[in-house]
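**Q** From the two separate chains plus the hints, produce the assembled complex.
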Amino acid sequence: MSVTQARTSDQEDVGVPDPILTLDHVSKHYEVRSSSNPFVRPDLLRAVDDVSLAIGRGETFGLVGESGSGKSTLGRVAVRLSTPTSGRVEFDGLDISHLGGTNLRRVRRHMQVVFQDPLGSLNPRMDVGDIIGEPLRVFDKVRGSELDDRVADLMRAVGLDPSRASARPRALSGGQRQRVGIARAISLNPKLILADEAVSALDVSVQAQISNLLVDLRERLGLTYLFIAHGLPIVRQVCQRVGVMYLGRLMEYGTIDDVFENPQHPYTRALMAASPIPDPTVRRERIVLHGEPPSPLDLPSGCRFRTRCPMAQDVCVDVAPPLVQLGNGHAAECHFAGQLEAAA
Amino acid sequence: MAAVDAAAFTEVRGLRRQLRRTGVSVNSALLYASLAWMAIVALAALIPGVLATDDPTVLDPARALQPPGAGTLLGTEQYGRSVATLLVHGARSAMVIGLLATTFGMLVGSVLGLIAGYLGGWVDMVIGRFIDMLMCFPGVLLALIIAAALGSTTTNLILAVGIATVPGFARVMRGQVLTVRGHLYVEAARSNGFSPARTVFRHILPNALAPSVVMATVSIGVAIVVAASLSFLGLGPRTEVPDWGQLLSLGQPYLANSWWISTFPGITLTLTVIAVSLLGDWLRDRLDVE
Numbered sequence: 001m002s003v004t005q006a007r008t009s010d011q012e013d014v015g016v017p018d019p020i021l022t023l024d025h026v027s028k029h030y031e032v033r034s035s036s037n038p039f040v041r042p043d044l045l046r047a048v049d050d051v052s053l054a055i056g057r058g059e060t061f062g063l064v065g066e067s068g069s070g071k072s073t074l075g076r077v078a079v080r081l082s083t084p085t086s087g088r089v090e091f092d093g094l095d096i097s098h099l100g101g102t103n104l105r106r107v108r109r110h111m112q113v114v115f116q117d118p119l120g121s122l123n124p125r126m127d128v129g130d131i132i133g134e135p136l137r138v139f140d141k142v143r144g145s146e147l148d149d150r151v152a153d154l155m156r157a158v159g160l161d162p163s164r165a166s167a168r169p170r171a172l173s174g175g176q177r178q179r180v181g182i183a184r185a186i187s188l189n190p191k192l193i194l195a196d197e198a199v200s201a202l203d204v205s206v207q208a209q210i211s212n213l214l215v216d217l218r219e220r221l222g223l224t225y226l227f228i229a230h231g232l233p234i235v236r237q238v239c240q241r242v243g244v245m246y247l248g249r250l251m252e253y254g255t256i257d258d259v260f261e262n263p264q265h266p267y268t269r270a271l272m273a274a275s276p277i278p279d280p281t282v283r284r285e286r287i288v289l290h291g292e293p294p295s296p297l298d299l300p301s302g303c304r305f306r307t308r309c310p311m312a313q314d315v316c317v318d319v320a321p322p323l324v325q326l327g328n329g330h331a332a333e334c335h336f337a338g339q340l341e342a343a344a
Numbered sequence: 001m002a003a004v005d006a007a008a009f010t011e012v013r014g015l016r017r018q019l020r021r022t023g024v025s026v027n028s029a030l031l032y033a034s035l036a037w038m039a040i041v042a043l044a045a046l047i048p049g050v051l052a053t054d055d056p057t058v059l060d061p062a063r064a065l066q067p068p069g070a071g072t073l074l075g076t077e078q079y080g081r082s083v084a085t086l087l088v089h090g091a092r093s094a095m096v097i098g099l100l101a102t103t104f105g106m107l108v109g110s111v112l113g114l115i116a117g118y119l120g121g122w123v124d125m126v127i128g129r130f131i132d133m134l135m136c137f138p139g140v141l142l143a144l145i146i147a148a149a150l151g152s153t154t155t156n157l158i159l160a161v162g163i164a165t166v167p168g169f170a171r172v173m174r175g176q177v178l179t180v181r182g183h184l185y186v187e188a189a190r191s192n193g194f195s196p197a198r199t200v201f202r203h204i205l206p207n208a209l210a211p212s213v214v215m216a217t218v219s220i221g222v223a224i225v226v227a228a229s230l231s232f233l234g235l236g237p238r239t240e241v242p243d244w245g246q247l248l249s250l251g252q253p254y255l256a257n258s259w260w261i262s263t264f265p266g267i268t269l270t271l272t273v274i275a276v277s278l279l280g281d282w283l284r285d286r287l288d289v290e
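Residue numbers (full-length UniProt numbering), protein chains in the order written: chain A, 1 to 344; chain B, 1 to 290.
Here chain B stands alone, though its shape is the one from the complex (with noise of 0.2 angstroms):
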């Protein structure tokens, strides 16, 4: 018994080792899936005649409905659209709204905790409480809010989302300003007459601003899953070709008969936003200085 675990334990071991020697761990796997869905998408939404040739505003209702397989890579919806040329066509709009409203966000909220963490006192007050105010909303609800107020256009839906995305941003900046504030090399900088905003720019913000990036790895899919049910719910840009949240809402009355037509983009959402998490955690491994 014994000389057989053995075996088999120096045969894991073995295995372990080879994996070593070759360089592939599953978080570099991973990582290079991630990397490469990563690309996929980015290819998608840059120059998509690449991915898909068809046209996706040519409606042609003799093939709707078409099972994945049958013709098409991921089937057709109610208008005889490849489920794949939409896919592909709506990446675009994904990406940009992901990375402009967390851009956003994280431009107006880092902004809005550096100055709370610095000031402090009644500054960090007003800003506190008006960060507090957002927070009482779920993100979702707060640009559900902010989308239906402003009205449905692509800038409209990245300010909604962004805004969501601001006190996230702001506290996570503050409480950063705050411990870096107090570390001995930010005092050295003062004894040494630097100005307050080279202290600022030079010496606290570069080592408070670690969080925040892995933050809006993070965000950047959270904007894309919130956009794209702002979108479900109607208040996206009204579009000829319809992005994954809208292509989720077009396949629902046929979930029951036809599942490809919101399966895929729920697929494509969900794979999108944990590539993107999981390059925001290599990012934090790469970022940590310590």
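The shape of chain A in the complex, shown without the other chains (with noise of 0.2 angstroms):
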């Protein structure tokens, strides 16, 4: 697409007609106290900084990002696993930033959590049926051989022997213990699924095979998915649209063909050219970053990627990059988003 489009900074384009799920200006700080002296004004550690995204219903929301850079953070504020400190957070239309107790635990069938550690997230005392059937009994106060019935469903619908229903998690193989946790998933028919690194856990022919199976689920069943992972080729076969976050905040998002193939932050570029691609005969430009990001306790002026990015000049240490937005909801921030020349 055009790279000359107009910026239109000042108004936010979402992007997105129908959203499931709206994070305005959502940040998540920690107080982190010193250790030794706790007279110490405790520093703040700024893990999401002010993000907001719409997630449209039954697409798959790709979510990258180097270790710390906040994506899973933002991930469990936006099922409420954890509590934003400001903005919002709407789910279908409610606003479920601050709920608490039963109205929370109300809202949660409708979004489900599958974890990066499959069998730690299975608890070891219960087998297979129970785990996958727990939510039903719960909820839905399904019993007997009707359960059964639903659970071996369940597990026929994720490629799961229902023979194998009396297992525990500790018999099962990698892929055979994320099959469970999705099964448990969608076992209330939810409308959003969060995938924390659902597959970055699993051998590479075993991730191919669950991403494959959340594709399907979600044609099947209509789910919306936020994908968290830090292997972009697996975003890019997973995901409609993709957000690139760096030290809490969102660099750049837009659907996976404007920012894999027109990618107009220095950010997202770097990242494409760390991800190998298996052709030999591919010659790329390369863009090497130097050093660790800088500690989210102590965030740079401006641009809080100007220490790494090889394109730095005065205005970004001066001056915070606005949101420029490239149209079809493709956005980056960066004073030079919309005149990066397309990648090759």
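Hints were generated in silico from the structure; no laboratory data involved. Since the model is a prediction, treat every value here as computed from it, not as a measurement. Every residue, glycine too, gets a C-beta built ideally from N, C-alpha and C. One should not assume that every hint holds.
Unchecked claim - Not everything, but these chain B residues come out facing chain A in the computed CB check (under 10 angstroms):
| id | residue |
| --- | --- |
| 1 | ARG190 |
| 2 | ASN207 |
| 3 | PRO211 |
| 4 | THR239 |
As the list claims (entries may be wrong) - Some chain A residues close to chain B (C-beta under 7 angstroms, calculated; not the full set):
| id | residue |
| --- | --- |
| 5 | ASP127 |
| 6 | PRO135 |
| 7 | ARG137 |
**A** Structural data, given as structure tokens:
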């Protein structure tokens, strides 16, 4: 697409007609107390810093970034496993930012989580059938043979043999464990599933199977995913849109094609340069980032990426970059967004 | 030389293999011995008449201080009662106090530890300080103080010994709950929208219970010893039939000449405590899912 479109940074174009999840200027800050001196004012760790984002019904939104970029924290805030410090989380038209107790529990059945560590997320003292059936027992009061049938259906839906219902999680392979976690997550027909690095801990071949399963289930059940990952290829394979996080901020977001074919943030370009292309004939510009990301306790002035950015100028030190809208719901937070030539 | 060593070596290996084939190891032999001993103690506690036919309340000064073997298996004490009979009839008191005191301590301690570990914050602080306070006293001393304050009845002895075991259970359970609470499956239960009660009782407690159960078996042994100590010191219930602790103290003045009066209750106590601990070890292995 053209990169010379008008910059409309004053209006925030979320670009999603029917959002199921809307994050509006969401921040999550932690106070880090000094371990030695209790009288020192605690430092503020900005794990997520003023992120706005909307996820459309039925889409898969990928969230990528380095470790410590705040993508998991953002995911946890989105499904209210943790409470935002400020901002608004709206799920299916309902403001859930500060719901608690029973009201929050009532919403939770509509937004389930698939965790990174499949074994750790399964209770070792329950068998597979109990784990998958527990939400049905608790919320829909399903009992007896009906429960067994529903559990068997769920197991088949995720590609597990129903005869394994009496197995303990420990007796399963990594892929099977993650299938159990997915079966539990879809048991209540949720609207949104947070897949927090759901395939990262698995073998590459199993990763493909599980991500295919997730895609398949999305189509069959009309699910929406917030898909957190650190591998770009998997995001490209599974997601329709993607957001790139760096040090607690969303640096760039847009459709997979826009972001992958025409990244407009230097950080996105660097991430892509770091991801190998399985084709020796492809040549591309190499952007190598030096050093570690700065501490989120002590963020750089201006643009938080400037300390590692190959394009950094004086303006980046003084002025925080605006969010530049590039059309089609593609936006990047960089002074030079829209001026980068299309990537090879 | 080397050939002899090799022969001896293969012989030892053969012996080991034979042992393995018959399924008898030192550990399992000890386990079976413990089971057998506890079966005898349990039988004595439930129906003492099967093991000892004579009446433990009938005094017979003519038979006083007979050594073991002469007419009675383990000799007689200063009032002419058979030591063996008294041991059999004292088993019930020991078992009742051991089991009930441990049950009480485990219930109260685990509930306190569970609440402290799950809720954290100031609740944890208050419970923690209370437990610290109890822990300041050694178990026996604490039980002694409570028993002395409450008066010597069986119920009070159970309470005294039970309270002395509360801090241990509370500590163990609190630590376990803190560990388990951090596991991902607890977070998964939360993200599923399960109630706190369900999360605690279905997901946290079953995974936090094993160490407490193992501790309970050890604690039964300790409770029996502590109860016997209190009885020895005269803080036990006043009954016609002496319990093991009282029998120990009955024999104390006669230790020089009639060693059997105190020695056999001592051995009985020791064997019981060891048997209970070994069963506890076995239980721990069985409960370990990892």
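**Q** Evaluate each hint against the coordinates.
**A** Outcome of the hint check:
no.	hint	in the structure
1	ARG190	7 angstroms, holds
2	ASN207	6 angstroms, holds
3	PRO211	14 angstroms, violated
4	THR239	44 angstroms, violated
5	ASP127	12 angstroms, violated
6	PRO135	5 angstroms, holds
7	ARG137	10 angstroms, violated
Violated hints, listed in ascending order, are 3, 4, 5, 7; each of the other numbered hints is respected by the structure.
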